[in-house]
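Starting from the given sequences, assemble the full structure and let the hints guide the process.
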Amino acid sequence: MSEPRLFVIGATHHNAPLEVRERLVLESESALRGDLAAVPGLLELAVLCTCNRVEFYGVGTDEGALDHVQSAYCARQNFDPAEFERIRIRLTGREAALHLFEVASGLDSQLVGENEIFGQVKEAYAAAQACGTAGAVLNRVFQKAFQAAKHVRTHTGIASGRVSVANVAVELAANIFGSLAGARVLILGTGEIGEGTARAFKSRGAADLAVAGRTPERAAELATGLGAATVHFDERDSRLADFDIVVCSTAAPAAVLSAAAIARAMRARPARPLLVIDLALPRDVEASAGDLQNVFLYNLDDLAKIAEANRAAREDEIARCRALLAERADGLWGSVQRHLASGPAPHPGTGAAGQATAP
Amino acid sequence: MFADLSDRQWLWCAAGFYTAGLILGTVSLLRGQRTSGVLIYGAIVAGYILQNVGLAIRGHATGGCPLGNRFEIFQFTAWSAITLYVAVGVTFRSSVLGYFTSCLGAALTILSLSIPSWDAVRRTHIFGGNPWIELHAALAIFSYGVFGLLALTSGLFLLRHFSLKSKRLGGWFSFLPSILDLDHIEVRLLGAGVALLTLALAFGTVYWSRDTATVNHAKLVATLAVWAASAAALGLRAMGRLLARRFAWACLALFAAALLSLKAVDDSRHPATAEAQERGAP
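Going down the list, the sequences are from chains A and B. Those letters in the first sequence? Residues 217 to 575, by the working numbering. Those letters in the second sequence? Residues 1373 to 1654, by the working numbering.
The reader is advised that the hints may include incorrect statements.
Unchecked claim - Once the Cα atoms are required to be at most 25 Å apart in a straight line, the calculated SDA-like pairs of lysine to any residue come out as: (1) B:Lys1537 with A:Lys366; (2) B:Lys1537 with A:Asp546; (3) B:Lys1537 with A:Ala476; (4) B:Lys1537 with A:Gly398; (5) B:Lys1537 with A:Pro486; (6) B:Lys1539 with A:Ser395; (7) A:Lys338 with A:Asp546; (8) B:Lys1539 with A:Asn510; (9) B:Lys1537 with B:Leu1614; (10) B:Lys1537 with B:Val1559; (11) A:Lys366 with B:Gly1542; (12) B:Lys1539 with A:Ala529.
What the hints assert, rightly or not - So the derived label-pair ranges between C-beta atoms look like this: (13) A:His448 with B:Ala1574: 51 to 57 Å; (14) B:Ala1590 with A:Ala390: 47 to 53 Å; (15) B:Ala1574 with A:Glu330: 36 to 42 Å.
Worth flagging that the hints you see were computed from the coordinates, not collected in a lab. All C-beta atoms in this analysis are idealised placements derived from N, C-alpha and C, irrespective of residue type, glycine included.
Below, the structure is given as structure tokens:
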């Protein structure tokens, strides 16, 4: 009889483009779990399903368990097994553990260093625990993966800096105002990028938001969605002094905020800085406004450059992170091998080791 | 073993800890990592405790607050800035400020310890047993320490301002506090400095008004100029006339002026009335 093995099988954004990943998304995880209950030799299982990956982490009595998981999944998704063979990842042993470490750390993410995946891995593990399909090996591997992820996020620059325009804008505001709780934000224009930025501000604690748009109905609709007030577009100059942050994203053919209007507003509030974020093309704000005292003007290119620099800085950290994670994976794998060699404990509810599990 | 240490040896140890904070911060910054606030704060507190011991020994020997020569004045100025940082620095939530404070502490203490001539003449009982004059001098030099911390904060403000205007937010600049927080801290420190210096001058005026002959004119003009400049900066800031970068530069200039005025203060010691103790270079 062969030795039980840790494995991961699945598909990720690396090999599966968006239109393929759409077909890979699990419609019903519980139904699949029902299918996998009949897989012979499957001892433990956790399912990680996000918009960028579907992965099955498990422990099987032999290589055949992996084939069975793959077949059951393709059958459930009505996905061509041959196509899945071409895009899949299939790793065992230490490499499978290392892969989980890299996934949890955000190293394998489309947006390197992003934090959301950590929560998604935690949810996948919690679901496996709730279903009773996480045993001694997966428990250890996932716990160590969480520790490793926290370690690299704390001790490397993999998660430093914001990498999306909206988050860079919010970070920028924090560099000026510190806490955003007391900052007053005016959203000028109802464009998608402006709305996204407004939501990012709201999620970081900005509570005093107002929307001014050239189309009052659309502005009112956006304001309602954001829980914000509305300002008449024609009053934008006269009301400018009331705000600390102005996010512009109109589709106007010419500037809608002049340097003179901003200078007038600053005379009414000289000691308080004003952050103007111009996300519009063509630009909404006269460039010379950036020369005014206490005015910080950033346009779309500026934010994109900062995001790109942060992204490059993260990329530079990947090799260092991989080395740290590999070291930890080696340590973990030694202990897991000893555990597997001594024979895995029977899965709860399955009777003895080697019998079919009910994941 | 420790009982045998002289005041200068204790002060050298203190300078060593301030320098350790400086090195820790510099290494972290060169590696592009956030400086450890706890480690730097620990180094500063350790240095501060040792400096207290050194100054206490010196104060015991001189029979009062140790402000009798340029060495002692620089040591007391550093002690004042660090006292304020140790007391309220944590609320600034900025490990970078801790780093800059350790830089200031190291610079002032090592500079004063490295120039033997500054400590060649030790004057004792310079306040003639008058506690009001001693309080006047201590408050005045303490306010200079506050101006020192203000200068550090202003330096951070200028760096943050540069990073925001030049659109460089990554690397070292990402560790700086927000520009609004720095501005608020600047105003509070300047207010505290002006209040302390005003009190110091008030105590001095009460004493000197009884005996104007003892007033050293150069010292009087220098300290009044520092006081007037700092009060003017605070007033202009309150009126919205001196803001942002200009305000930060003004605060830096104030500290430079305060340090320059120390020469007039030091030169004002009246050799005839003080019990001068000539000693060789330590």
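Hint check results:
1. B:Lys1537 with A:Lys366: violated (34 Å)
2. B:Lys1537 with A:Asp546: violated (47 Å)
3. B:Lys1537 with A:Ala476: holds (19 Å)
4. B:Lys1537 with A:Gly398: holds (23 Å)
5. B:Lys1537 with A:Pro486: Holds - the C-alpha atoms of proline 486 of chain A and lysine 1537 of chain B are around 17 Å apart, at most 25 Å.
6. B:Lys1539 with A:Ser395: holds (20 Å)
7. A:Lys338 with A:Asp546: holds (22 Å)
8. B:Lys1539 with A:Asn510: With Cα atoms ~14 Å apart, lysine 1539 of chain B and asparagine 510 of chain A stay inside 25 Å; holds.
9. B:Lys1537 with B:Leu1614: With a Cα-Cα distance of about 19 Å, the restraint between lysine 1537 of chain B and leucine 1614 of chain B holds, given a limit of 25 Å.
10. B:Lys1537 with B:Val1559: Given that 25 Å is the threshold and the Cα spacing comes to 22 Å, the pair holds.
11. A:Lys366 with B:Gly1542: With a Cα-Cα distance of about 22 Å, the restraint between lysine 366 of chain A and glycine 1542 of chain B holds, given a limit of 25 Å.
12. B:Lys1539 with A:Ala529: It holds: about 16 Å lies between the C-alpha atoms, which stays within 25 Å.
13. A:His448 with B:Ala1574: 51 to 57 Å: Since histidine 448 of chain A and alanine 1574 of chain B have Cβ atoms about 55 Å apart, the given range 51 to 57 Å holds.
14. B:Ala1590 with A:Ala390: 47 to 53 Å: At roughly 48 Å between Cβ atoms, alanine 390 of chain A and alanine 1590 of chain B fall inside 47 to 53 Å, so the hint holds.
15. B:Ala1574 with A:Glu330: 36 to 42 Å: Violated, at about 59 Å.
In the structure shown, a violation is registered for the earlier hints numbered 1, 2, 15, in ascending order.
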